[in-house]
Amino acid sequence: QSALTQPPSASASLGQSVTISCTGTVSNVGAYNYVSWYQQRPGKGPKLMIYDVNKRPSGVPDRFSGSKSGNTASLTVSGLQAEDEGDYYCNSYAGGNNWVFGGGTKLTVL
Amino acid sequence: QLQLQESGPGLLKPSQTLSLTCSVSGGSITNTNYYWGWIRQPPGRGLEWIGGINYSGTTYYNPSLKSEVTISMDASKRQFSLRMTSVTAADTAVYYCARHSYYYDNSGDYYYFDYWGQGTLVTVSS
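Listed in order, the protein sequences are those of chains A and B.
Using the numbering used here, the first residue of the first sequence is number 1, and each one after it goes up by one.
Using the numbering used here, the first residue of the second sequence is number 1001, and each one after it goes up by one.
Heads up, a few of these hints could be off.
Stretches of chain A that chain B covers, calculated by requiring three or more beta carbons in the stretch to come under 8 Å of a beta carbon on chain B [as the list claims (entries may be wrong)]:
1. 52-66
2. 74-83
Okay, derived cross-link-like pairs now, SDA-like style, lysine to any residue, Cα gap no bigger than 20 Å in a straight line [to be verified]:
3. A:K44 with A:Q81
4. B:K1066 with A:V60
5. A:K55 with B:A1089
6. A:K47 with B:K1066
7. A:K44 with B:K1066
Source of the hints: derived by calculation from the structure; they are not laboratory data.
The structure displayed is predicted, hence computed values, not measured ones.
No residue lacks a Cβ here, since even glycine has one placed at the ideal position from N, Cα and C.
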């Protein structure tokens, strides 16, 4: 049981948008703006896509965006492309130098 | 380009000690703005943060794993290591090492895992 709750799967058609949620508590997502998102392709290590809720690292397409409302953070991918398929994980600071991950969401591009 | 590479035994028996090493190349391991951490992923499941260490030797651990885990660093070799005692089948996972950006400045906050290794599978089985 992961500390952060994500839907197991999400899907949308090529070119459409999809939003993946990450629900925590007042002790993690709700308390801090240190939410990050990672994309993982089969057999590979995770790749940072979003940090500090809504900031994109250099090199990540602006099709990826993040937001937060209360205890829930969200990752939105607009203009879906085939290469966006993969597993997506959220991560949040939980206080006391403790970090928690979500269970992951498998994104399928139809 | 910073690169991280995990190494260590892939098969352990229950009650044995897991020892993994992460070798860092292409960049410095001494900048105290970064922690060097371990994350694991049981087969078919999500990621679990284990802990990390910075160049000053400060460590932090997942409270649920703290009693079994020790993370250490040998900066002269640009390596950091994970030691987990008394493993069980539940510790079977792909283990990743990663750089954990851990600082803020006038420009903003920088808290994220930005470089990851490829991962190494550790299986615990009798």
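Right, here's what the structure says about each hint:
For the region 52-66 of chain A, the stated coverage by chain B is satisfied: 3 residues place a CB nearer than 8 Å to a CB of that chain, which reaches the threshold of 3. Here's how the region 74-83 of chain A fares: 0 of its residues keep a CB closer than 8 Å to some CB of chain B, so the rule of at least three is not met and the hint is violated. Only pairs whose Cα atoms come within 20 Å are accepted, and K44 of chain A paired with Q81 of chain A is accepted, the gap being roughly 19 Å. For the suggested pair K1066 of chain B and V60 of chain A, the alpha carbons sit about 34 Å apart, so the restraint of at most 20 Å is broken.
Distance check on the hinted pair: K55 of chain A and A1089 of chain B sit about 38 Å apart at the alpha-carbon level, beyond 20 Å; violated. Pair hint K47 of chain A plus K1066 of chain B does not hold up; C-alpha atoms about 26 Å apart against a cutoff of 20 Å. Only pairs whose Cα atoms come within 20 Å are accepted, and K44 of chain A paired with K1066 of chain B is rejected, the gap being roughly 27 Å.
Consistency note: the structure conflicts with the earlier hints numbered 2, 4, 5, 6, 7.
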